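Line by line, the protein sequences are chains A and B. Residues in the first sequence are numbered from 1 upward in steps of one, following my numbering. Residues in the second sequence are numbered from 1001 upward in steps of one, following my numbering.
Simulated from the structure, these hints should not be mistaken for laboratory data. Owing to the predicted nature of the structure, the values given are computational and were not obtained by experimental measurement. Hints are supplied without guarantee of correctness; some may be wrong.
[To be verified] Here are the computed lysine to any residue pairs in the SDA-like style, where the Cα-Cα straight-line distance is at most 20 Å:
#, chain 1, residue 1, chain 2, residue 2
1, A, K57, B, R1185
2, B, K1161, A, P111
3, B, K1161, A, E94
4, B, K1161, A, V136
5, A, K197, A, G429
6, A, K197, A, E94
7, B, K1161, A, L96
8, B, K1238, B, A1297
9, B, K1238, A, E94
10, B, K1238, A, L96
11, A, K57, B, G1183
12, B, K1161, A, P109
13, B, K1161, A, P110
14, A, K57, B, D1177
15, B, K1161, A, S186
16, A, K158, A, S186
17, A, K376, A, E337
[Said to hold, decoys possible] Only some residues are given here: those of chain B computed to face chain A with a beta carbon under 10 Å:
#, residue
18, F1101
19, L1105
20, K1111
21, G1115
22, G1173
23, E1174
24, D1177
25, A1178
26, H1180
27, L1182
28, G1183
29, R1241
30, I1244
31, A1296
32, P1298
33, A1299
Ideal placement from N, C-alpha and C gives every residue a C-beta, glycine not left out.
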Amino acid sequence: MTGNMLLEITGLTKAYPGVVANDGVGFSVGPGEVHALLGENGAGKSTLVKMIYGLVKPDSGTMHLMGAPYTPPEPRAARASGVAMVFQHFSLFEALNVAENVALGMENPPPMGQLSARIREISAAYGLPLDPARLVGDLSAGERQRVEIIRCLLQDPKLLIMDEPTSVLTPQEVDILFHTLRKLSSEGTAILYISHKLEEIRSLCDRATILRGGKVVATCTPREKSARELAEMMVGGEFTTTDRAGRVLGTTIFEVAGLDLTPMSQFGPALKQVSLSLRAGEVLGIGGVAGNGQEELLATLSGERVSAPGTVRLHGQDISGLGPNDRRRLGLQGAPEERLGHAAVPNMSLTDNTLLTGTVRRPLTRKGFLDMTAAKLFAEEIIREFDVRTPGPHVAARALSGGNLQKYVIGREVLQYPEVLIVNQPTWGVDAAAAASIRQALLDLAGKGAAVIVISQDLDELMEIADQFCALNEGRLSPPRPTEGLSIDEIGLMLGGAHGMQEAGMQEVAV
Amino acid sequence: MIGGIDIIVLIATLMAASTPVLLAATGELVAEKSGVLNLGVEGMMIMGAVGGFAVATATGSPVLGFLAGAVAGALLATLFAILTQIFLSNQVATGLALTLFGLGLSALIGKGYEGVRPPQTTKLDFGPLGDIPVLGPVLFGHDWVVYASLVLVGATWAVLKFTRAGLILRAVGENHDAAHALGYRVVAVRFAALAYGGALAGLGGAYLSLVRVPQWTEGMTAGAGWIALAIVVFASWKPERVLIGAYMFSGITALQLQLQAAGYAIPVHLLSMAPYLITIIVLVVLSALHRHGVAAAPAALGRSFHASN
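The whole structure should be built from the sequences, with the hints applied where relevant.
Structure representation (structure tokens):
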């Protein structure tokens, strides 16, 4: 191969018990190239970048960085060689300030005073202003990501790995991030970019390597392919789109008026005067960047938190003082964002997990005792109907991959045929095919006359399935707008723009 | 003298009396800052008390005794670290077991030392400084361990706040997954923090048996380890507030002893439980007033870390 590649990987293999995560993977990245890694969940992208970053050791295969053999034993060594990584789940410390967080990601940080000055300088140069003295816990998701990026940039990386960087950003913030990445790339920094969002990859990346089942199945130039073609290469077959036709809207069945909630945690937002109403058969999409009250909203609607009398009504009945099981009895169900630990108990089997929400609307108990046979049949029904890939209902919830567990959790609620279903981030971290089937299940439920609220950060998803769109920003819910004819730019403005980074970003663009 | 209470003596006593709790609480603060909840402080203290006592009487050297107390506490803490950090046992249960184990083992080791007098720890001589009225007895009338413990608290505060080692320790206690992803050795940091915490608790215990009492009695820590744990929480994990908490607890202890001696008509039982009661009430009130104080707990406190990938 050519000798002037920055990173060359050949025959990289990594096996875990029972699964080969990477099987003879090979690809190369040139200096200044923006290279996309594409694949479904479990295709092996994460394992691959973890090997490049030194968190995981490959079983066999070789890596070369700038022509020299490259075998980082740990992330420190990778950073010393000029490889930096921005994590999908931020590797930040909420109780520490920006400068301290940056210092933790550096090998030999300068004294705090100098470091703070450097942070201001670099962040301004790339249009990502940051105050080094602020606590990370007080920052928005977009600002937190800037901390991660600045931490990488301070070390002059030659290769920057970004794992799903845009999943938490507003559209305007995405624009600014892309502007920064293009600037970096023009200065010769290569970027390895992982994302599920195919349109982003088409607009940003020079080349793409597509992984399926741990193997490289294709390399292409994303600009020359359509998003659909890319999706089909990832899935390895025909890709079904959701069908939202054939729904009749009924009368208003669910109403929320003037709902307030105090913050649930130190850095959490409060809900302020939230109002909404839903008709039977309607899908309401609530967009917004995480941490703006999504969890709080789900908690108050599902009954985990009670609210002032008269604020939540189902069929005209005041349910604001009722707990989750009473609300389930009346036909209102919820599926929280956190799959492990909130929606499902990690160490309990799938059968046991059905009993957590299913005993009210399903005959899973007999004379006050658990009916394990009925629970097992219900679990099997969910596994069958929602195509959950697992050996059986006896498996512990934590053993399922994120996407499979998500299908299970949504299935558990949907198959209880609620009249109102509220879901938070139903397809977060779920691959394209599974996400499509979850969306279709939600639409089918609405087609049967249920009202569905989908809280999500994925705007494309909301545009695809919702009839009405509201933005949730700092605990306030905007008035609904019909999704028909709503543009991404308008949504971005509803979401509160770019949280103060607009100005600097715009100047950069204007220059 | 106010109402039969000598304020100068009270303050001077307070400084010496607070030393065991202050040391133990500072050590526990470091352990908790690294994200580990070690409920075995009481056990580590009493092992330090008996270990220090045994070595001091055998060698005749109080310095070697204090050293041995610290080593005994650190050894017990290392046992705790092995169980919770390597075998991932439950921290609460292991900590409670550690206390019971320490109390039992110390009683066994200490059997032969009952009624023995330890070598005396000399008071530092500050010359004319000790003769200054009021300030002399309060500030310059103590043994070297009192000053060393204050220096240790100051040093711990400075290391946690200003150095890179302190930053890494806090980071590990805040989010161990992120710290691991950045390449820090979470388990190693926690081992070190626990051993340091154990050493300070052992030192505090040795101070009890070698200076405060000074003799060996079974169960002589009498809940000081639990108070040290409570003080860490009430201090919102801040070293300077640990100092205040330890002084308050010991101040009330010293005060109630003087009240008893002055012959006030308050039942002895009420006076004896006053330090514990007041410290706990203050803790609860502060927690209720400052919800921020509770939220100041290291975010990863008490959670087991396992590098799954």
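A quick look at each hint next to the structure:
1. K57/A <-> R1185/B: holds, 17 Å
2. K1161/B <-> P111/A: Distance ~13 Å between K1161/B and P111/A Cα, so the pair holds.
3. K1161/B <-> E94/A: The given pair, whose Cα atoms are some 16 Å apart, holds under the 20 Å limit.
4. K1161/B <-> V136/A: holds, 17 Å
5. K197/A <-> G429/A: holds, 11 Å
6. K197/A <-> E94/A: Given pair K197/A, E94/A is violated - Cα atoms ~28 Å apart, limit 20 Å.
7. K1161/B <-> L96/A: Roughly 11 Å between the alpha carbons, so the hint for K1161/B and L96/A holds.
8. K1238/B <-> A1297/B: holds, 10 Å
9. K1238/B <-> E94/A: Holds. K1238/B to E94/A sits at ~17 Å (cutoff 20 Å).
10. K1238/B <-> L96/A: holds, 14 Å
11. K57/A <-> G1183/B: Since the Cα atoms of K57/A and G1183/B sit roughly 14 Å apart, the hinted pair holds (cutoff 20 Å).
12. K1161/B <-> P109/A: Holds. K1161/B to P109/A sits at ~16 Å (cutoff 20 Å).
13. K1161/B <-> P110/A: holds, 16 Å
14. K57/A <-> D1177/B: holds, 18 Å
15. K1161/B <-> S186/A: Violated - the C-alpha atoms of S186/A and K1161/B are around 40 Å apart, more than 20 Å.
16. K158/A <-> S186/A: holds, 12 Å
17. K376/A <-> E337/A: violated, 24 Å
18. F1101: With a minimum Cβ separation of about 28 Å from chain A (threshold 10 Å), the hint on F1101/B is violated.
19. L1105: violated, 34 Å
20. K1111: violated, 45 Å
21. G1115: Check failed: Cβ of G1115/B comes no nearer than 50 Å to chain A, outside 10 Å.
22. G1173: holds, 9 Å
23. E1174: OK, holds: E1174/B within 10 Å of chain A, min 4 Å.
24. D1177: Since the shortest Cβ distance to chain A is 8 Å, the answer is holds.
25. A1178: Result: holds, 4 Å to nearest chain A Cβ.
26. H1180: OK, holds: H1180/B within 10 Å of chain A, min 9 Å.
27. L1182: holds, 6 Å
28. G1183: For G1183/B, the interface hint holds, since the closest Cβ of chain A sits about 4 Å away, which is under 10 Å.
29. R1241: violated, 16 Å
30. I1244: Violated, about 22 Å.
31. A1296: OK, holds: A1296/B within 10 Å of chain A, min 8 Å.
32. P1298: With a closest approach of 8 Å, the P1298/B hint holds.
33. A1299: With Cβ-Cβ at 7 Å, under 10 Å, it holds.
The structure fails to meet hints 6, 15, 17, 18, 19, 20, 21, 29, 30 from the earlier list, while all remaining hints are met.
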